[in-house]
Amino acid sequence: MSQSFITGLGCISGAGRNLQETVQSLYSGKRDPKPPVRIAYQLNKDYPIFEVTGFEERANDLSFVFAKTAIDEALIQAGLDNDYLQKSKVGIFLGTTAGCFFNREDYYRQHRDRADDDPSYIAQVLLNGSVAHQIKEELSLNGPAMTLSNACASGTDAVGLASAMIERGECDIALAGGCDEIVRMVYLGFISLMNTSDEPCVPFTKSRKGLNLGEGAGICVLESPSSVKRRGAKPLGSIEGYATFSDAYHITAPEPSGRGLKKAFNFALKQAGLQPGDIAFINTHGTGTTENDKVEGRVIAEIFGEHIPFTATKAYTGHALGAAGGLEVVLSAQFLIDQKIPGVPYGEDFDPDCRIRPQQGVKEISGKYACSSSLAFGGVNSVLVLGRTP
Amino acid sequence: MKLSVVGLGIISKAGSVSAIESMLGCPEVDPTVLASDHTLAIDIPNEFQISPSLVRRMSHFAQISLLSACHAIRDSGMDLQGKRVGIIQGSVYGPIISGIQAFDDLIDFGDNQLSPTNFSGSVFNTSSTYLTLAFGIQGCTLSHTSGLDTLYNSLQSAALWLENGIVDYVIAGIGDEYTPYFDHGTPSSDQHAGLLPSCEGWTTFILGKDDDAKYGKVDCKYLRDWPDLKNEKVIVAVWNERMSREDFLHLAVENQACLPVYLRGAYPSAAAFDLALALICGKSRRFPIYHPSTGIYQNQDTVSGEQITCLSPSENKGFYQFQVEEIA
Chain A
1 MSQSFITGLG CISGAGRNLQ ETVQSLYSGK RDPKPPVRIA YQLNKDYPIF EVTGFEERAN
61 DLSFVFAKTA IDEALIQAGL DNDYLQKSKV GIFLGTTAGC FFNREDYYRQ HRDRADDDPS
121 YIAQVLLNGS VAHQIKEELS LNGPAMTLSN ACASGTDAVG LASAMIERGE CDIALAGGCD
181 EIVRMVYLGF ISLMNTSDEP CVPFTKSRKG LNLGEGAGIC VLESPSSVKR RGAKPLGSIE
241 GYATFSDAYH ITAPEPSGRG LKKAFNFALK QAGLQPGDIA FINTHGTGTT ENDKVEGRVI
301 AEIFGEHIPF TATKAYTGHA LGAAGGLEVV LSAQFLIDQK IPGVPYGEDF DPDCRIRPQQ
361 GVKEISGKYA CSSSLAFGGV NSVLVLGRTP
Chain B
1001 MKLSVVGLGI ISKAGSVSAI ESMLGCPEVD PTVLASDHTL AIDIPNEFQI SPSLVRRMSH
1061 FAQISLLSAC HAIRDSGMDL QGKRVGIIQG SVYGPIISGI QAFDDLIDFG DNQLSPTNFS
1121 GSVFNTSSTY LTLAFGIQGC TLSHTSGLDT LYNSLQSAAL WLENGIVDYV IAGIGDEYTP
1181 YFDHGTPSSD QHAGLLPSCE GWTTFILGKD DDAKYGKVDC KYLRDWPDLK NEKVIVAVWN
1241 ERMSREDFLH LAVENQACLP VYLRGAYPSA AAFDLALALI CGKSRRFPIY HPSTGIYQNQ
1301 DTVSGEQITC LSPSENKGFY QFQVEEIA
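Those protein sequences? They're chains A and B, same order as listed. Residue numbering for the first sequence follows the working numbering, beginning at 1 and increasing consecutively. Residue numbering for the second sequence follows the working numbering, beginning at 1001 and increasing consecutively.
One chain only, chain A, in its complex shape:
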């Protein structure tokens, strides 16, 4: 049973400035990760990222800029203008990880050792750091505003929570997804964790050696069935199920049997009233890290079989952290509409340890439902089930 309808989609990423550009890059297999341009660093080696360039003058509020860009696109597609938004109960649910404090290194660097300095600037930045509230104020929205920071599952959780809030009647319309930016702390931090690749990432392949970071935003406009009916909107898809479960195993490593992810897939399918065989494809978390891909691949093979069509869009957008889940929901909804998924680069380099075999090139799919999965820091596993509206 459909909990909420998707009536608008918007995104910005290293693969494109909007949804159309992004999916075209993915379908054509085009990707171009490069060493960072916006951020300066001193390392012996470069680690490529999928950077969104051209916003250098807004470097202090990139998460907001990315979110607003994707929201504007999604609202246009949904046919929603400011007047209508202000007359309706509209909520904003955003996942993010870096946008609050990590982007203030310059300020901290300048002021750390000054005894006469006023630290209230940082306090003010942190207090006003909720990107959902910044958007709420910008658009004069009158519904709930929630910023979630559940690491790399933040965007997925934001969409799942928004859908449940619509079902509960807390809002008629929700702008939901994720936004994030690459800053020095994040770039250097992931390198310190030794899970970053110095080459373009190759999820689920035998030669994978880590992730490439990305940034951007992915936003869906979600609406209640009554709101869709009232304004005669044409749904693009639906959120059918959502679940999140913990591994309770390790702060950075996934639990080897994937118990949390299995529960998340099974619960989300149950909530959607579906069987594994109903799923046309999975947009995996697929970061390209050794352990994550292995656990995720094995769980998918166990639940859906080894031949389930899947894709790993982080190979084209990079791992956009708090934005990743939002981006992947938006892309998955578009793939369901197009009835095709992009391939995985170097997919012929099959890793039997992952059990699922990536395919190169675009693959036609046939079906009404898809899953999008996110695995996050601390063993968080979140899954959304999306539906296609005929």
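Hints may contain errors.
[Unchecked claim] Capping the alpha-carbon separation at 30 Å, the derived lysine-lysine pairs in DSS-like fashion look like this:
#	chain 1	residue 1	chain 2	residue 2
1	B	Lys1317	A	Lys262
2	A	Lys294	A	Lys234
3	B	Lys1317	A	Lys89
4	B	Lys1317	A	Lys87
5	A	Lys340	A	Lys294
6	B	Lys1002	A	Lys270
7	A	Lys262	A	Lys368
The hints are simulated quantities; they were obtained by calculation from the structure and are not laboratory data.
Once you have looked at the hints, place chain B on chain A.
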């Protein structure tokens, strides 16, 4: 939304739940005799058999939330085994000490010397994930950071999980840690002084659907305007620039209210402490009225039928009202 509160864990300058209950039993409280430390001591109880090496790896942010959760679980008398438990953690500033340490790594030692421990400790959901590890909880987790709406949003998410039958109980912890960075300079104005935290604290609620919950039920609402407060004892959360301290003091005098800021110190997510205080007042039928002229809290018995309400400013200029239902 209504939530049953089956356990409380308070880590604060004013002490734990039992310390606050004892305080309410006295005729009056002089807040100047309370501890003046900015940072609170962490002593994880042995009864939970949490690995010392796990605790050692945790940042102060994760440790304070763990200690608060331990107190709440103990207070509830609940055995987590076999129950479906979710974890929600909310914080306005997040793990700021680890974040600053990570910045210091980069500034002092160079770009290739960032400690992975400091970096991972600065991830916002570090507190919720360490709780899953410490207690072996494999349910759902969520981390909120929504400014002054953090408490309300956390409770709303908990209500959603409970109503949808996803979990039986939610461990919902809300708080902030203190960093000496805030002592660093002299605030440029009194207005800014109000923004700087003077303390830290963490409050954990064990939430469920039980009708006979230890602390009864709390009804949470958003209000555009200051409500009519007839026959209510009011606890008012004071924080930030939305209203001056003088305005709050005026309201306190007018409404015979409690301003707990002098009991627990100031930090942005302290409305969670204030709600917990309201629940303890409801259970003990005692209420501390703040007298601005003397700076003393005078405790008095509540009258049957008198409702205890906690009011907290919201991000969009209204208020959140948390009404404690009288325990039969």
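Cross-check of the supplied hints:
{"no.": "1", "hint": "B/Lys1317 - A/Lys262", "verdict": "violated, 43 Å"}
{"no.": "2", "hint": "A/Lys294 - A/Lys234", "verdict": "violated, 39 Å"}
{"no.": "3", "hint": "B/Lys1317 - A/Lys89", "verdict": "holds, 17 Å"}
{"no.": "4", "hint": "B/Lys1317 - A/Lys87", "verdict": "holds, 19 Å"}
{"no.": "5", "hint": "A/Lys340 - A/Lys294", "verdict": "holds, 24 Å"}
{"no.": "6", "hint": "B/Lys1002 - A/Lys270", "verdict": "holds, 27 Å"}
{"no.": "7", "hint": "A/Lys262 - A/Lys368", "verdict": "holds, 22 Å"}
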